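2 protein chains.
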Amino acid sequence: MTTMYISPTLTDLYQISMAYAYWKEDSHNNITTFEAFFRKCPFNGQYAVVGGIKEFLEFFNTYSFSYHDIEGLKRICPDYEKEFFQYLSSLNTSQVQINIIPDGSVVFPNQPIVQLTGPKIVCQLLETTLLNLIGHPTLVATYARRIRQQVGKERVLAEFGLRRAQGVSAGINSSQYSYIGGFDSTSNVYAGIKYNIPVSGTHAHSYVMSFTNLSQVKDNLQIKYKNSNQIIENFKQYVFIVNNINDESEITTNKSELAAFITYAFTQPNNFLALIDTFNTLESGLINYCYVANALIELGYSPKGIRIDSGDLAYLSKEIKKKFIEMSSSYPQYNDMKIVASNDLDEHIVGSLINQGAEIDVFGIGTKLSTCFQTPALGMVFKLVEINNIPRIKISENDEKTTIPCKKYLFRLYNSSNKAVLDLITNQPNINDYIDEDGNILCVEPKIQNKRVKVKYFIHEELLVDARTITDNSIDVAKKRCDYQISTMREDYLRISNPTPYIVTTPEPFAELIRQIKNKEKVIKTLI
Amino acid sequence: MTTMYISPTLTDLYQISMAYAYWKEDSHNNITTFEAFFRKCPFNGQYAVVGGIKEFLEFFNTYSFSYHDIEGLKRICPDYEKEFFQYLSSLNTSQVQINIIPDGSVVFPNQPIVQLTGPKIVCQLLETTLLNLIGHPTLVATYARRIRQQVGKERVLAEFGLRRAQGVSAGINSSQYSYIGGFDSTSNVYAGIKYNIPVSGTHAHSYVMSFTNLSQVKDNLQIKYKNSNQIIENFKQYVFIVNNINDESEITTNKSELAAFITYAFTQPNNFLALIDTFNTLESGLINYCYVANALIELGYSPKGIRIDSGDLAYLSKEIKKKFIEMSSSYPQYNDMKIVASNDLDEHIVGSLINQGAEIDVFGIGTKLSTCFQTPALGMVFKLVEINNIPRIKISENDEKTTIPCKKYLFRLYNSSNKAVLDLITNQPNINDYIDEDGNILCVEPKIQNKRVKVKYFIHEELLVDARTITDNSIDVAKKRCDYQISTMREDYLRISNPTPYIVTTPEPFAELIRQIKNKEKVIKTLI
Chain F
1 MTTMYISPTL TDLYQISMAY AYWKEDSHNN ITTFEAFFRK CPFNGQYAVV GGIKEFLEFF
61 NTYSFSYHDI EGLKRICPDY EKEFFQYLSS LNTSQVQINI IPDGSVVFPN QPIVQLTGPK
121 IVCQLLETTL LNLIGHPTLV ATYARRIRQQ VGKERVLAEF GLRRAQGVSA GINSSQYSYI
181 GGFDSTSNVY AGIKYNIPVS GTHAHSYVMS FTNLSQVKDN LQIKYKNSNQ IIENFKQYVF
241 IVNNINDESE ITTNKSELAA FITYAFTQPN NFLALIDTFN TLESGLINYC YVANALIELG
301 YSPKGIRIDS GDLAYLSKEI KKKFIEMSSS YPQYNDMKIV ASNDLDEHIV GSLINQGAEI
361 DVFGIGTKLS TCFQTPALGM VFKLVEINNI PRIKISENDE KTTIPCKKYL FRLYNSSNKA
421 VLDLITNQPN INDYIDEDGN ILCVEPKIQN KRVKVKYFIH EELLVDARTI TDNSIDVAKK
481 RCDYQISTMR EDYLRISNPT PYIVTTPEPF AELIRQIKNK EKVIKTLI
Chain Y
1 MTTMYISPTL TDLYQISMAY AYWKEDSHNN ITTFEAFFRK CPFNGQYAVV GGIKEFLEFF
61 NTYSFSYHDI EGLKRICPDY EKEFFQYLSS LNTSQVQINI IPDGSVVFPN QPIVQLTGPK
121 IVCQLLETTL LNLIGHPTLV ATYARRIRQQ VGKERVLAEF GLRRAQGVSA GINSSQYSYI
181 GGFDSTSNVY AGIKYNIPVS GTHAHSYVMS FTNLSQVKDN LQIKYKNSNQ IIENFKQYVF
241 IVNNINDESE ITTNKSELAA FITYAFTQPN NFLALIDTFN TLESGLINYC YVANALIELG
301 YSPKGIRIDS GDLAYLSKEI KKKFIEMSSS YPQYNDMKIV ASNDLDEHIV GSLINQGAEI
361 DVFGIGTKLS TCFQTPALGM VFKLVEINNI PRIKISENDE KTTIPCKKYL FRLYNSSNKA
421 VLDLITNQPN INDYIDEDGN ILCVEPKIQN KRVKVKYFIH EELLVDARTI TDNSIDVAKK
481 RCDYQISTMR EDYLRISNPT PYIVTTPEPF AELIRQIKNK EKVIKTLI
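Going down the list, the protein sequences come from chains F and Y. Using my numbering, you'd call the opening residue of the first sequence number 1 and step up by one each time. Using my numbering, you'd call the opening residue of the second sequence number 1 and step up by one each time.
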């Protein structure tokens, strides 16, 4: 699988039905603005990290119905006039202006993440695929960031979620967007190769289980000293010698596990990291690891450490760290060895382990990240906000669900300490037009309109930008963007437990316009 | 996107590390049996429906590292000997015997859904991709079946989950495997075209919102009688005439909605199904629908019905049905019109609506199905059960997590009413060997070994079959298989609330062997 071509038929039938209706009634070229946004942050949080824009832009930029697509559509919609299909085959997105908030950005509810302005028919046809492509990546990037916030900057986060991801694309999303959100590596080799993400991993329980006794380890495992050409002819025997084991019968640990570790270390002496919980973590796995690590150290190698995947990770990691400290008096290399923990970890367990002082250097996170288990779907929506320059609103009984009309601009205001103060959604491109003589902007919360705030800011940044001006869509740029934007946010917006809502508001004149548009629609509704 | 080529690098790095270790220690050609199974049914149920086997077989049958893959692996693993990469480039699955339980089958915990016997290195390398490819499809097929069981045979189930699915593959899985599980259609045009699944859908709120008033409807919308060449020159005017509306001012419903319905009906008179809840379902949408439907009926067409996507679906659907019955005295066609309901439905809401006597003919299910919201990950595992004909067991403190050793065979036993009685997991291919002189098989539950049962059966079916003997992998065959197998299951295994566990057991001699193997390992463990 290289670049995946996504057909424009990867959409809901009703988009095609509506496209046909627009075309047949000749309203398809009406100029509309549609905006994609979410109403509620996932994972009971107060922010999200944008993902999937890269994939959506690939789709957008190559949008075109193939001959095969058109033939398929004709079968599905046999009643439609054949001129419609001719029209569809010539359709592309060149007439659509596209503004986006780039991948890795920190965003909040009701902010347009993608804004399309162009012929109604094209915008409408893009909806389903757009929502599909940005939903899951945004969830993954957000969840990854939440875990990064839990563990701090120093600890290492490894993504392990491919096997439980909901399909192939979700597995690849998970690698890319967890990396953007703040992870250090993925286990997914394909994603690592394709996107240049560091790949990490060691071995599984099945490796250990595939050994049954020490005699399975050959007596001719030749191993070279790291920094000389000297050779040890029998690595197994050398492990015994280094650890003063005269005879197999003196060994009290699980021998098949020791056989597995000797063999594994022999095959990759530069990257020896052992999974030590197959039989008994402290009484077998850890001791067997030390036997083999000691021999590797004597040969000039630097064993990497251990992984635990079961049991009480807080207790076990502390005991392992004690052993490493004890061993470091003979071999200082033990000070650099890493303790890797995995086993169905989520943001809460990770936080709890850290609070307990667990000695874990690397967290491996799989299922709960790749499937976004706590919030498997982001309620992203795509709404018409303007048609032929006339603002459109969708009223709901629930004020929170009423849309904000008009094509929008989005600004983040910073104070002089470079901290984000609030985000301003406007319907005019020039933020200076809203500043009064005292240098303030009077803001009114757009939906309920009961919160007013006067803000003076130091600098501003425009968040919603022309996608065609973005020259570097690489995930490294997105990762840096995320790190930077997070650094401008107050800690209390980001925390897992009871976070503070960040302020997203509108300048007073826009709030007033929204109120008028809403009232007008409300009157129409009351007349029914 | 046509057939998706999945690279063998779509795996965890540790599989490559282990493969290298096996190769370097020269144990890679040891003959192993690995089995994929789950320990707990999803959605708090007592069964699952197999999915994803079709995609796994495509992957398995074309398994081969490309030049590009190998070059990528060399970058990721710079220390590995170059002969290993040469070896990898020649690797394929021709030496692996593959047994599977086909898509659409009803399965239970601990049953091998895929069983691979062959060189250790190949089996190990297939693990991650296998788990990825069968996990989500199995969840979707199972959830779809659960909803089908809730609604009975007659009601129609439509899958709408593409926009919220976790990526492109998940969207396509959702269409295919919900169809296999018991759904009637999908909204996903791509999947419909590719897999010949019926595609359904109508229009969205945005269609209604793109109209602002009745004058937007052109006065020259020509519409033909269905069964003659007679033409009505102005469809809008005709709608007014049929409904005795002399002037626009007499209309008390929302006029922009009426404009939308007239236009939509004009564009697709054979498939007029209107979303009626944009403004007010009963006081506007339903009445506007009837205005337009009446005109279409006069022209010889058969309007399809309405969809509601908000509000109290039980109450609204009953009120709509009353209106349809009332209208049918003038137009009997109203008896055939369908009421479609959607809005974040799940198995519980669907069940509750039916219990309330909701008059819903078609349920549209999206997010909760495509993301498997209630259980977003199936804990599918892939375990070594035999190596060089020696059974292997993985002991766990938790008896439920201890694996069942040995390469297995799986039989479903039926009584003379063609109802499934229990499933038998054996380590011998011939079930007759277990039958005693009275025609009974003495069975012992394999894990806890505290449940014994004697069973006499009428016929048996072998569930785990050689994948190479399956000639038809089509989804229609899988759908029929699912329907049939479900029909052989007692209702109480299938229900949502407090279902009965189905019996999966082992013949006494195999249970005894398991006990011996387990005890042997336990002794080894105690010695540590």
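Don't read these hints as lab results, they were simulated from the structure. Everything numeric in this text was worked out from a predicted model, so none of it was measured. Heads up, a few of these hints could be off.
If chains are identical, the list can't say which one is meant, so a pair holds when it fits in one copy or spans any two.
As the list claims (entries may be wrong) - Okay, derived cross-link-like pairs now, DSS-like style, lysine-lysine, Cα gap no bigger than 30 Å in a straight line:
no.	residue 1	residue 2
1	K304	K394
2	K82	K218
3	K520	K447
4	K74	K321
5	K394	K480
6	K480	K318
For each hint, the structure was consulted:
1. With identical chains, the CA atoms of K304 and K394 are at most 30 Å apart between copies only, with a shortest distance of 26 Å across copies and 58 Å within one.
2. When the C-alpha separation of K82 and K218 is checked against a cutoff of 30 Å, the pair qualifies only between copies, where the shortest distance is 22 Å, while the shortest distance within a copy is 72 Å.
3. Proximity of K520 to K447 under the C-alpha cut-off of 30 Å is restricted to the intra-copy arrangement: shortest distance 15 Å within a copy versus 69 Å between copies.
4. Within a single copy, K74 and K321 get their C-alpha atoms no closer than 66 Å, and across copies no closer than 34 Å, so neither meets the 30 Å cut-off.
5. In the homo-oligomer, the alpha carbons of K394 and K480 never lie at most 30 Å apart, since the shortest distance is 37 Å inside one protomer and 43 Å across protomers.
6. Taking the shortest Cα distances, K480 and K318 never come within 30 Å of each other, neither inside one copy (33 Å) nor across copies (55 Å).
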